[in-house]
Amino acid sequence: MMKRRAYALAVAAAACLLSACDTGIRSSSLVIERIVDPSATTATVHVALSDSPQFTGGYKPYSAAIALGGPAVPILRFDAIAWEPKDGAERARAFWLFVAQDANSTGVIDDFDDLLPAMRVMLVDGEETVVPLITFDPTGSAPSRLFQAVLFDDPPRSYRVFIEDPGVVGGLTPLYLRLGDTADLSIPGNVNYDIPIPSASLASGLSMLTGALNGMLWIDNNQSGALDAGDWISAQPNAAPVLVEFNDAVLWSGQTMP
Amino acid sequence: MKKLNGRLIAAFSTLAAAALVAGSCNFMMPTPNYPVMRQEKGFHLLRIGSMDKVWFRGDLRIRAAVLDGASSRDAVYGNLGAYFVVEAKDAGFDGFLHLDETGLRLVNRNGLEYEAMSMAQGPDPGFWARLASTDEIVRIIDDGSGNAAQSSVVANLGSTMAGTVSALWMDWDQPPGSTPPDTYRAAFVDNADLAFRSDIVPVAGSALADFTALLARDAMADSFEELTAAGDPYWNDGRFEFRRFGFSSTAGYSWFAIRRFDGVSGREETRAAAILDAQPGVTRTVRGEPEGNAGGVLVIRQDSEPPGIRYALTDGQLQPSRTITVYGDDVRYLGDAIEPIDGVPTPVAVFGSVSVGPESKDDGRRVTISLWAHRLDSFAGGE
Numbered sequence: 001m002m003k004r005r006a007y008a009l010a011v012a013a014a015a016c017l018l019s020a021c022d023t024g025i026r027s028s029s030l031v032i033e034r035i036v037d038p039s040a041t042t043a044t045v046h047v048a049l050s051d052s053p054q055f056t057g058g059y060k061p062y063s064a065a066i067a068l069g070g071p072a073v074p075i076l077r078f079d080a081i082a083w084e085p086k087d088g089a090e091r092a093r094a095f096w097l098f099v100a101q102d103a104n105s106t107g108v109i110d111d112f113d114d115l116l117p118a119m120r121v122m123l124v125d126g127e128e129t130v131v132p133l134i135t136f137d138p139t140g141s142a143p144s145r146l147f148q149a150v151l152f153d154d155p156p157r158s159y160r161v162f163i164e165d166p167g168v169v170g171g172l173t174p175l176y177l178r179l180g181d182t183a184d185l186s187i188p189g190n191v192n193y194d195i196p197i198p199s200a201s202l203a204s205g206l207s208m209l210t211g212a213l214n215g216m217l218w219i220d221n222n223q224s225g226a227l228d229a230g231d232w233i234s235a236q237p238n239a240a241p242v243l244v245e246f247n248d249a250v251l252w253s254g255q256t257m258p
Numbered sequence: 001m002k003k004l005n006g007r008l009i010a011a012f013s014t015l016a017a018a019a020l021v022a023g024s025c026n027f028m029m030p031t032p033n034y035p036v037m038r039q040e041k042g043f044h045l046l047r048i049g050s051m052d053k054v055w056f057r058g059d060l061r062i063r064a065a066v067l068d069g070a071s072s073r074d075a076v077y078g079n080l081g082a083y084f085v086v087e088a089k090d091a092g093f094d095g096f097l098h099l100d101e102t103g104l105r106l107v108n109r110n111g112l113e114y115e116a117m118s119m120a121q122g123p124d125p126g127f128w129a130r131l132a133s134t135d136e137i138v139r140i141i142d143d144g145s146g147n148a149a150q151s152s153v154v155a156n157l158g159s160t161m162a163g164t165v166s167a168l169w170m171d172w173d174q175p176p177g178s179t180p181p182d183t184y185r186a187a188f189v190d191n192a193d194l195a196f197r198s199d200i201v202p203v204a205g206s207a208l209a210d211f212t213a214l215l216a217r218d219a220m221a222d223s224f225e226e227l228t229a230a231g232d233p234y235w236n237d238g239r240f241e242f243r244r245f246g247f248s249s250t251a252g253y254s255w256f257a258i259r260r261f262d263g264v265s266g267r268e269e270t271r272a273a274a275i276l277d278a279q280p281g282v283t284r285t286v287r288g289e290p291e292g293n294a295g296g297v298l299v300i301r302q303d304s305e306p307p308g309i310r311y312a313l314t315d316g317q318l319q320p321s322r323t324i325t326v327y328g329d330d331v332r333y334l335g336d337a338i339e340p341i342d343g344v345p346t347p348v349a350v351f352g353s354v355s356v357g358p359e360s361k362d363d364g365r366r367v368t369i370s371l372w373a374h375r376l377d378s379f380a381g382g383e
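Heads up: the sequence lines are chains A and B, in that order.
Number 258 marks the last residue of the first sequence (our numbering); no jumps.
Number 383 marks the last residue of the second sequence (our numbering); no jumps.
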């Protein structure tokens with residue numbers, strides 16, 4: 001009995017020692033299976049990962065350039081992403097994925113380039129996070145499918161997104177970010193941006209630089225390609241809330257487009 | 001007997017566990033028991049100031065700090081002042097701490113959007129800093145009523161450099177008793193590269209007289225040793241961040257603190273870069289973060305683990321002459337000054353050391369800042 005207790009104490013001591021000296025480095029992988037441009041351009045897009053939603057500044061070692069329409073499958077893979085937990089026991093952490101095009105050909109991502117909103121993505125220690133699809137459409141007709149000619153002095157805006165079942169978001173049923181300069185975003189002419197996010201793993205948070213004044217989110221549940229009856233909405237599109245720096249959006253089966 | 005053995009093993013295991021945990025990592029590291037830590041031989045205590053009921057959580061760090069311009073040069077006994085921008089988790093203040101002969105006090109920012117990392121020691125009361133909104137270098141003072149005030153515009157650097165400028169600094173360097181060729185120098189970073197302008201006296205609204213364009217950015221970027229992953233250059237504008245700038249007027253070189261911060265792993269690498277005026281095409285770098293120069297000696301922080309902060313002292317070619325250790329919960333090199341040492345006005349290098357009292361839920365914490373002087377002549381490889 002005493003021996004058993006002694007062994008238990010020794011094990012506890014070892015565990016205690018290990019936890020005291022845990023270097024805490026975690027390792028994860030991120031795979032983006034497809035980035036497509038529905039307008040079939042052959043633009044080169046630049047992808048990067050960071051722990052903050054700031055597009056500029058910092059040093060982004062996990063980054064790559066991808067020519068749309070290229071043959072590689074999976075299109076992009078970051079392996080052995082080393083990260084440190086913010087508290088000792090953390091096994092998963094949120095990061096931000098950036099996708100952009102150097103539209104003004106300056107060799108860096110800066111003012112007047114085209115950007116998708118920064119998309120929150122969770123990395124889990126020892127696991128692979130898969131992003132099945134990203135849509136990058138720089139040439140589509142209005143409303144814009146991404147932020148074009150962005151000015152980095154524009155105010156930062158972000159959404160925390162809560163979805164009843166995140167699994168409903170997919171290639172045929174994207175989450176859309178709808179923005180404009182008036183509260184009534186039910187009128188097509190008032191919608192400046194309708195940006196699709198077609199992967200559930202990127203649908204928990206969005207961050208952007210924009211002068212747009214009002215916004216809402218919706219999910220194209222009925223796969224019609226347009227906001228219509230039955231789609232989940234974060235707010236009534238004819239009364240889109242005023243954008244502030246930090247916004248919350250809840251999408252669930254109890255709030256649908258009438 | 002078996003029972004006794006079991007008890008002995010249990011007792012031994014418990015002791016071993018305690019010893020192992022105590023000996024591991026930072027557990028039971030020495031913590032300060034006195035408001036002011038002792039320093040190595042050669043340091044002279046100039047001033048101590050304390051504040052009670054300072055509200056913050058975790059560690060208190062010095063983000064930037066400089067000596068007061070006028071009092072560092074007037075050789076008047078006992079009036080040396082210094083300014084500290086500190087940061088901490090959940091800090092209940094926004095401004096800087098001012099230590100002078102009347103004590104230590106908090107000075108509110110008062111709406112002035114100066115950048116802490118551009119703080120520099122000028123020749124007049126207060127300190128210099130850049131206003132982000134206007135690209136002006138302004139002199140900021142403690143107005144005596146607990147608020148910061150803008151005293152004057154030193155220079156409008158935005159008007160002196162063409163193109164899109166992403167960083168601007170201005171430094172003043174006139175070591176006690178000397179008359180150097182340039183006393184003002186400004187550095188610019190634009191999309192192309194790096195440039196300096198220097199002058200003896202700036203004229204309001206005009207560019208500083210001497211202009212030197214440098215192709216130093218690539219050499220600086222290539223010098224990083226730990227964070228070397230290439231990444232996609234489109235995301236790494238400038239490839240690193242300029243943090244601080246200064247120059248030695250007497251020894252004829254400019255220095256930069258350059259830094260890479262990996263936004264995923266949280267690792268950072270900071271290096272000192274120096275360019276001799278006589279060799280503008282050659283950039284030297286070493287590991288560490290330069291905090292200022294004392295005459296011709298560059299003071300480079302090499303180790304940031306309190307309570308002992310180690311500094312390397314180098315020349316403009318970054319050749320080390322010696323290392324020193326300064327103790328505190330955090331430490332910063334503040335600049336050079338003339339202060340009485342053994343009754344004689346002496347050129348000295350001054351360090352600020354912060355000590356923090358224990359955490360108290362109801363009463364905040366006690367913060368003590370002390371100023372320590374080290375003779376400049378011993379810095380250059382003497383004593």
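Hints were generated in silico from the structure; no laboratory data involved.
A hint or two may mislead.
To be verified - Only some residues are given here: those of chain B computed to face chain A with a beta carbon under 10 Å: (1) Gln-39; (2) Phe-43; (3) Leu-45; (4) Phe-224; (5) Trp-235; (6) Glu-241; (7) Arg-243; (8) Arg-260; (9) Glu-269.
Claimed, not checked - Here are the simulated BS3-like cross-link-like pairs (lysine-lysine), alpha carbons at most 30 Å apart as the crow flies: (10) Lys-41(B) / Lys-86(A); (11) Lys-89(B) / Lys-86(A); (12) Lys-89(B) / Lys-53(B).
Note that the structure is predicted; figures quoted are calculated from it, not measured.
Just so it is clear, CB atoms sit at the ideal spot from N, CA and C, and this is done for glycine as well.
Here is how each hint holds up against the structure:
1. Gln-39: violated (31 Å)
2. Phe-43: violated (34 Å)
3. Leu-45: violated (36 Å)
4. Phe-224: holds (9 Å)
5. Trp-235: Holds - the Cβ of Trp-235(B) comes within 10 Å of chain A, reaching about 4 Å at its closest.
6. Glu-241: holds (7 Å)
7. Arg-243: violated (12 Å)
8. Arg-260: The hint holds - Arg-260(B) has a Cβ within 10 Å of chain A, the shortest such distance being about 4 Å.
9. Glu-269: Glu-269(B) check passes; min Cβ-Cβ to chain A is 9 Å, inside 10 Å.
10. Lys-41(B) / Lys-86(A): violated (39 Å)
11. Lys-89(B) / Lys-86(A): Given pair Lys-89(B), Lys-86(A) holds - Cα atoms ~14 Å apart, limit 30 Å.
12. Lys-89(B) / Lys-53(B): At roughly 15 Å apart (the allowed maximum being 30 Å), Lys-53(B) and Lys-89(B) satisfy the hint.
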